[in-house]
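The listed protein sequences correspond, in order, to chains Y and F. In terms of my numbering, the first sequence has 124 at position 124, counting the first letter as 1, and numbering is strictly consecutive. In terms of my numbering, the second sequence has 1473 at position 473, counting the first letter as 1, and numbering is strictly consecutive.
I should point out that these hints are in silico values taken from the structure, not numbers from a laboratory. Note that the coordinates shown come from a computational prediction; the quantities given were computed from them, not determined experimentally. Be careful, since some hints might not be right.
What the hints assert, rightly or not - Computed spacing ranges between beta-carbons, pair by pair:
id	chain 1	residue 1	chain 2	residue 2	range
1	F	GLY1421	Y	LEU141	53 to 59 Å
2	F	ALA1083	Y	MET266	26 to 32 Å
3	Y	LEU29	F	THR1297	30 to 36 Å
Claimed, not checked - Sample of chain Y residues lacking proximity to chain F, with all beta carbon distances greater than 12 Å (derived):
id	residue
4	LEU24
5	PRO108
6	ALA148
7	TYR287
Virtual Cβ for every residue (Gly too), placed ideally from N, Cα, C.
Listed below, chain by chain, are the residues.
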Amino acid sequence: MTKKKNLRLNSVSVGAEAVIHVILAAFSLCCIIPFIFVLIISFSSEDSIRAIGYSFTPLAWSTEAFSYAFDKLPQIWRSYFNSIFITVIGTVVSTLMCALYSYVLYRPDFRFRKFFNFFSFFTMIFGGGLVPTYIVCTQLLGLRENYAALIVPLLVNPFNIIIMRAFFKSSVPLELIEAATIDGSGEYNTLFRIVAPIAKPGVATVALLNALAFWNEWYLSLLYIKRNKILQPLQALLMELQNNVQYLNQMAGQMGASAINEAAKMPSQSLRMVLVVLIVVPIACAYPFFQRYIVAGLAVGSVKG
Amino acid sequence: MKKLLSLLLACLMLAGVCGAYADEALEPVTLRVWFHGSTVTPDASEKVMAEVNAYLADKINVTIEPIWGTWGDFDQATTTALAGGDEVDIYFTCNWSANEYNKYARDGYWVKLDDMLDAYAPELKAAIPEGIWECAITNGYDGMGIYGVPALKDTATQNCWDVNGTLLAELGYDVDAVCEAGLDYYSDEFEEMLQAAKDAKGGDFYPLLIEPAVLERMVTHSSIITGDLNGANVLSYYYDAEHPSADIGSTIVNKFGTDEFAKFAARTYEFSQKGFISPSCQSTATANDYRTATQATAEYLFGTQSYAFGCELDFSNARGIDVRMVPETAAYMDCTSGQGAMMAVSITSKNPERALMFLNLLNTDPTLMTMMNYGLEGFTYNTNDDGTITFIDDARATYSPWTNGMGNIRILPPTDAQGVGFWDSFSEYYNAAETLPYGGFIFDASEVETEGAALANVFAEYAFNLMSGAVDPAEVLPEFQAKLEEAGINEFVSAAQAQMDAYLAG
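Let's have the full structure, built from the sequences with the hints guiding it.
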């Protein structure tokens, strides 16, 4: 009986449900259609793109761009590896740092809580600016031409710390920690065996945000990877191709005929779309993985009543 | 133990002496050179640089560490690196990139080269014509002087009509005769040809493919004043279309305040109203992409093109039509073309004299220039019996620096497409270009910076629309003019004119 009542309480009328479904379906379509379009363009022949532009129904299909990318551009594979490597290492380390940092900020018995809170929050309001940051990174920390340059600058994100701290506050009651202490649990035991399992959804959220940030990063590569371009992540490679084409179009007035000749050297449009496909697929696969933890976590509680 | 130590010490001293001896020759140094517009993969770079460095070790004992800046990342990355004091020895610079030659010379980022040139790069000094060196003289941090080595490339400007000969023939015109006679933007024949193309190809076809700023300079016969607002030129200097060096009493004027401009804008608006100009050409958001795409598919009759020697061949091949270039003006040399590609030695360089020795060799030694620019024989190209080279396309695609950005390209071997004797005709064409009456004048706009910023805003609001024929000049031009005056165009023009007078007097 109660079950039935609950069901009715949560249910909406058929009409409303239909409307919601239509809206959600339309939204999903809006998200997926551009990707399908990109996929189609990547399989379109270059002649077709030239003749009728981008189209859902190209005049001719071709896998030439894919085979070119796989056979002729070893850098794509290296960049692929770089992107995955940076994302995995970066996500693990930055999520760990974020969780540990926000855990101490959440504990009211930590004496320097205020200072460290301010210490991270301050950087959200005042940044050092591009050039000073660049000088510190390259000259003081040696972050250039190496993987560290692509990972270290993104490790601590104050925004994620705030999210994580708020999550600890709302879902991990202090009573729980007190109870654990009374039961004789040490600090590490409390953190890893009691708090961590409850904090899983928060950690997963932050990990997802971090993974996205590392996967989508190209600017660090532009600044810090110049001579050793073997380390370029995939996003940087795509950005470079895209910027090249744009720059040459813009500069045609100043550079004259040279710009047109140089533009002819640029990879075909379908090849650029191949890169987009290669970039989107792995990160799209990461979503369901994280989603499991987030949904599961929402149903789990710690203190009853 | 003591014996061992003293032995070691003796060995060390001996090594020191040997080292000192080697010093008498040239100490080995590594130079970082930052190029622009490169399409070079890491593997190809490694392969070519191994050979280049082996060659350089014998010549000047230098190892090159190239930074292959691409078109897209160059601007942002170099300005940050310059500001951050990166240890780079040689930077590509020019008057149209973000690390603008004159500005960075003024701010003290480049080494002044005047005295060092004679000592370390005498061949280079001799190889580049005096007129081009003059363009490199700028008012830098350490006074007037040369702060960068200009590239001996397509060093002249000539504005041409880019004619789709195939379409013109289809329309029943005698292509050779039309091209021979030249084209006049204001003539009835010009309009008739556009109308004929429009009638033949239908309503969606726009026969006049323009780049508005180029069209304006071309039709009014005005030159860019080097140092004018970047990407928003508000200054004009009119020259004689047939003899650019002839002094016709021109002064620097407000580009938009002249009768020539009014006439040009009215004509362009008329063509736009008749449907000769695509609306895509009239929006800054789409103009560049549209032009590139339309050139590639050859769907135009007349276009505008700043000419480079031999480009009609490349264009004909790329577009699959008969592209003709019909000159609107004679070729002229000014600092905009003279400063089109340069190499500057950075003040962060620990070995500026060695950097200059490298530039000296790069610009005078065909073997080195060919290796740097075209790669290695058997890898990126093969040499033919007649001395031309044929590229191995796949490999060349992985090693393809920007040819013009490298330096003296006239010492390169001709490609099979260019044919034997190409570089001779190339040099002949560019050496024949006349210098504009104001010679190597460069405007330093730093004293009217406030006016410049205000003018750039006004320019962005009106100029493109007027030059592309999107708006009626009868209504908009007076309004634009008023806003320019408010923003301080008169101060800007007189500052430029005063500097030019001083330059010509001195």
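Could you let me know if the closest chain F CB is still more than 12 Å away from the CB of LEU24 of chain Y? LEU24 of chain Y clear of chain F: closest Cβ-Cβ about 33 Å, beyond 12 Å.
Range agreement (Cβ of THR1297 of chain F with Cβ of LEU29 of chain Y, hint 30 to 36 Å): At roughly 32 Å between Cβ atoms, THR1297 of chain F and LEU29 of chain Y fall inside 30 to 36 Å, so the hint holds.
Confirm or reject the statement that PRO108 of chain Y sits farther than 12 Å, beta carbon to beta carbon, from all of chain F. 42 Å, holds
Chain F versus TYR287 of chain Y - minimum CB to CB distance exceeding 12 Å, so not interface: 29 Å, holds
So does GLY1421 of chain F sit 53 to 59 Å from LEU141 of chain Y, Cβ to Cβ? 55 Å, holds
Is the distance from the Cβ of ALA1083 of chain F to the Cβ of MET266 of chain Y consistent with 26 to 32 Å? 29 Å, holds
Over 12 Å from every CB of chain F: does ALA148 of chain Y meet that, or does the non-interface label fail? Label holds. Min Cβ-Cβ 17 Å, cutoff 12 Å.
Hint compliance for this structure: every hint is met.
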